[in-house]
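A.B. asks: What follows is the residue order along each chain.
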Amino acid sequence: MKAYFTRHAQVFMRTLGEFARSPAPTLMTVILIGLTLALPTGLYVGLLNLQRLSQGWQPHGSLSVYLKKGGADSAAVVAIRRIPGVATARYISPVQGLREFKTASGLGGMGLFGRHNPLPGVVIVAPTRPGPRSVALLATQLKTLPGVAHVQSNLVWVERLDAALALGRRLVTILATLLGLALVLILANTTRATVASRSAEISVVRLVGGTNAFIRRPFLYIGALTGGLGALCALLVLEIGLIALEGPVAALNRAYGAHYRLTGLGLEQALGLLVLGASLGWLGARIAVARALRQSEG
Amino acid sequence: MIELKHVFKRYPLGTEALSDVGFTLAKGEMAFLTGPSGAGKSTILKLICLLERPTRGQITVNGHELGRLPARRLPYFRREIGVVFQDNRLLNERTIFDNVALPLVVAGMTGDEVRKRVLAALDKVGLRGRERGFPLALSGGEQQRVGIARALVHRPPLLIADEPTGNLDAALSDDIIDLFREFNDHGVTVLIATHDLRQIERLKKRVIRLGAGHMLGAA
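Just so you know, the sequences run in chain order A and B.
Each residue of the first sequence is one higher than the last, beginning at 1 in this note's numbering.
Each residue of the second sequence is one higher than the last, beginning at 299 in this note's numbering.
For the record, the hints were derived by calculation from the structure and aren't laboratory data.
Beta carbons: idealized from backbone N, C-alpha and C, even for Gly.
Possibly wrong hints are sitting among the right ones.
Derived, one-sided and incomplete: chain B residues facing chain A with beta-carbon distance under 10 Å [what the hints assert, rightly or not]:
1) L364
2) L367
3) P373
4) R387
5) L388
6) P401
7) V403
Simulated restraints on C-beta separations [to be verified]:
8) P310/B x L185/A: 29 to 35 Å
9) T353/B x A213/A: 27 to 33 Å
10) R21/A x G464/B: 30 to 36 Å
11) H8/A x L434/B: 54 to 60 Å
12) Y374/B x R21/A: 30 to 36 Å
With the hints as extra help, turn the sequences into a complete structure.
C.D. replies: Here it is as structure tokens:
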């Protein structure tokens, strides 16, 4: 067992030595792989951020219940709270509503409405069971109440956003699959060229009794190492991209009074990307060497 | 040790390299395989180490009937043979030590045992102390010696050589062939393909003669 690991360590060290001897072509391949992996990873990170941002906005299927103007708001609120499907009901009075509108819109100092307040009282209702069906049922029940003018489900735009995010995720998956395939082909082609340049060495190794596994080993290390370094390069590209976006995000935060921070991949996801890169590299090399060995065996 | 029975070899383009060739080389024996260029000497050596397969006939080497040898056993079979080429086929970007160590590394040997055996093999061919150098820094004769050290480092019972003195002058050729004789004296079976009649005359060993793919005699 010790001899087995020693042999692998020797091959690995020799592979590193070969990398060091010809850094330029290796670096170019690594950068190419890095950029190829950075594209779907960047889109994935963008989606994650969008998802996180929208989770902050999401009222989890809440309903906005607009009360009739001039009616008894307190009685309507009591009636709403009595409905079994209502978890919480937060009342926003017309005065409070106008104040919030003025603050949010920045139109507070313009005196647009004078003394007249056109806003009705609103009750923000959180259902006990979130989800399109129960929210729709609750909305129907709320509409029948006497003091209620209009019920608006906030679930609609949440559903639309979710659908858009799902579409985004699917697109990222398709793109990642295609680019992953491209990466395997890039590495297979690079390995094929390396195998061809070392055909004399392979024939000598064969002659002295080298097994296919022995011949394959250094090429698999080259493939895995190139893929892994490519993934590392993709992580760097991503990090640089996030740093470049920090300024514009801060400006948006200032404009909206928000405190949103862009986040990159977590440690697990970053490690996953490294493993993925190395695996794709290994696979590309495996395909190329298997083909070359079959051909050289005649 | 080596037995060829009614061996035929026809290459895909129709060239008949061997036609009904047969001979036996006993364990511990040394023989020269001779004949003009195109006689089939190299083809026989390729068949013996299974770089080629015969079109017809039976070949037995070290007790293995090659026609029945499964592909997965092929590398292990080749570890029982040492092969020396006219062009020595050294790996020029690797050190002399690494070149000689290759059959041991391939067989899974590591550490001190490899070092001990490589230095012993280089000592035998008179190149001890040159192990850190590279093949291109050596003369043709020295390169051939490295090739012989590589062929013998894993102590195979059979050594085959294809024109090992083809690129060397007379004095160097004598040295190289004497090395083969020395190994044969220690029990290694040796088969050398050559058309160097001077060496054949000098050593007085068995001669297997070929001509245009046919056996002309085995004295």
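A.B. asks: Can you list which hints this structure breaks, lowest number first?
C.D. replies: Of the numbered hints, 1, 2 and 11 do not hold.
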